[in-house]
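K.L.:
For the protein sequence lines, the chains are A and B, in the order given.
The opening position of the first sequence corresponds to residue 1 in the numbering used here, with each subsequent residue numbered one higher.
The opening position of the second sequence corresponds to residue 1001 in the numbering used here, with each subsequent residue numbered one higher.
Read the hints as simulated data drawn from the structure, not as lab findings.
A few of these clues could be false.
Unchecked claim - In silico DMTMM-like cross-links for lysine to aspartate or glutamate, where the CA-CA straight-line distance does not exceed 20 Å:
#1 B/Lys1141 x B/Asp1216
#2 B/Lys1230 x A/Asp56
#3 A/Lys203 x A/Glu167
#4 B/Lys1141 x B/Asp1105
#5 B/Lys1178 x A/Asp215
#6 A/Lys203 x A/Asp56
#7 B/Lys1178 x A/Asp56
Said to hold, decoys possible - In silico negatives: residues of chain A with every beta carbon more than 12 Å from chain B:
#8 Lys108
#9 Ser112
#10 Asp124
#11 Glu201
#12 Gln216
The structure displayed is predicted, hence computed values, not measured ones.
A virtual CB, placed ideally from N, CA and C, is assigned to each residue, including glycine.
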Amino acid sequence: MLGETGPEWTTEEVKTGTTIIAIEFAGGVVLGSDSRVSAGESVVNRVMNKLSPLHDRIYCALSGSAADAQTIAEIVNYQLDVHSIEIGEDPQVRSAATLVRNISYKYKEELSAHLIVAGWDRRDGGQVFATLNGLLTRQPFAIGGSGSSYIYGFVDAEYRKGMTKEECQQFVVNTLALAMNRDGSSGGVAYMVTIDEHSTEEKVILGNDLPTFFDQ
Amino acid sequence: MAAAVATMMPNLGQQISSKNDMIPDWTSQEVSTGTTIMAVEYDGGVVIGADSRTTTGAYIANRVTDKLTPIHDRIFCCRSGSAADTQAIADVVTYQLGFHSIELDEPPLVETAANLFRASCYRYREELTAGILVAGWDRRKGGQVYCVPIGGMLVRQPVSVGGSGSTYIYGFMDSNYKPGLTKEQCLELTAAALSLAMERDGSSGGVVRLATISEDGVERRVILGNQLPKFSTH
Chain A
1 MLGETGPEWT TEEVKTGTTI IAIEFAGGVV LGSDSRVSAG ESVVNRVMNK LSPLHDRIYC
61 ALSGSAADAQ TIAEIVNYQL DVHSIEIGED PQVRSAATLV RNISYKYKEE LSAHLIVAGW
121 DRRDGGQVFA TLNGLLTRQP FAIGGSGSSY IYGFVDAEYR KGMTKEECQQ FVVNTLALAM
181 NRDGSSGGVA YMVTIDEHST EEKVILGNDL PTFFDQ
Chain B
1001 MAAAVATMMP NLGQQISSKN DMIPDWTSQE VSTGTTIMAV EYDGGVVIGA DSRTTTGAYI
1061 ANRVTDKLTP IHDRIFCCRS GSAADTQAIA DVVTYQLGFH SIELDEPPLV ETAANLFRAS
1121 CYRYREELTA GILVAGWDRR KGGQVYCVPI GGMLVRQPVS VGGSGSTYIY GFMDSNYKPG
1181 LTKEQCLELT AAALSLAMER DGSSGGVVRL ATISEDGVER RVILGNQLPK FSTH
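Bound conformation, chain A alone:
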């Protein structure tokens, strides 16, 4: 009774355990994430949307420490607004990714968050950038978060160049479902954002609508 500190989760750091993915197709990108936020063993938010807008046609996917990731996204959102007013047009995806990378690299010892930046711009179409640990690399698709370990094999096997928008959306949903089944820190619902020249479409796929596999 003496010295009782309360439940563990009140003192544990809040992490977005997470699975996040972004993939490009001709003319845009699809981003996806799960919705679980954990503090130790407790799920403190089961419906968090980890796909955060940086600009009209540029989104980022958050993973790692929830506080760090959200703060980076908010700062870059602000910086991009200023930048886009300065240049008088919509910013490039590469610019957004560079801003994220600059923060991640400068504060790499203090921060523990990984953001995947993806979007569409007039110059290069759909693009996906990974910014893990302060690097900046453009990739056809990127996965991240604790749940991503379990799906490396699946994405390596299933990814093909030249998939259509619908195929990419199906790929994202399947990948998220597989990771959410295996990773204790990922779960809940799946959020998906599709960005192309004309629109940014947000979608939620509820638990019972997710694909199921042989042992379910």
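For this one, chain A is given, so just place chain B on it according to the hints.
P.N.:
Structure of chain B alone, referenced to chain A:
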């Protein structure tokens, strides 16, 4: 256990190099089968597979290891974790099972072999680092796969993966395995899964060793590096 090197000179200030630089890290690291292992049941038998890399730290001590170890005529085990621990356990179980089979005067059950592994792995769980898949064929239940992970649990599963590389292929396995696959489909699935894991896991690599165990016996094959299934990313 670090390699002890006596230096005569006191360490005054910085040295450009020390005697310890001459002795690589891996001489003092434990030998581990980093590994990816997999076993799948089909109607009439099992397919088992493993990579072939054994590491001591960053050095690959053996690039053509055989991690598929026979325990009896129709029972094999796939080893992951400490090479020494798993070899020792496999030797003990091979002896115990051989004795048991002579007493019974009939081929032993796969479940018996699995239980023997579990008994050793659970009793000495604090000292051991061993993750083992036991797979084989017997007359009573046909092809069976039993998983004995670190800690000494025992569970039968239609398909199971193990070792450090296995985390990367859970998603692939969940999406590609269905009950009722044929032997050829199981072989393809195993070869593909192991190749994917070997691409991603630094502690797995080399060649893919496969074996099929059924009533008719054991059939072994090797897929060399350049013949592995290729997947395009980037």
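K.L.:
Output the numbers, in ascending order, of every earlier hint that fails for this structure.
P.N.:
Result: hints 2, 7, 12 break, sorted rising.
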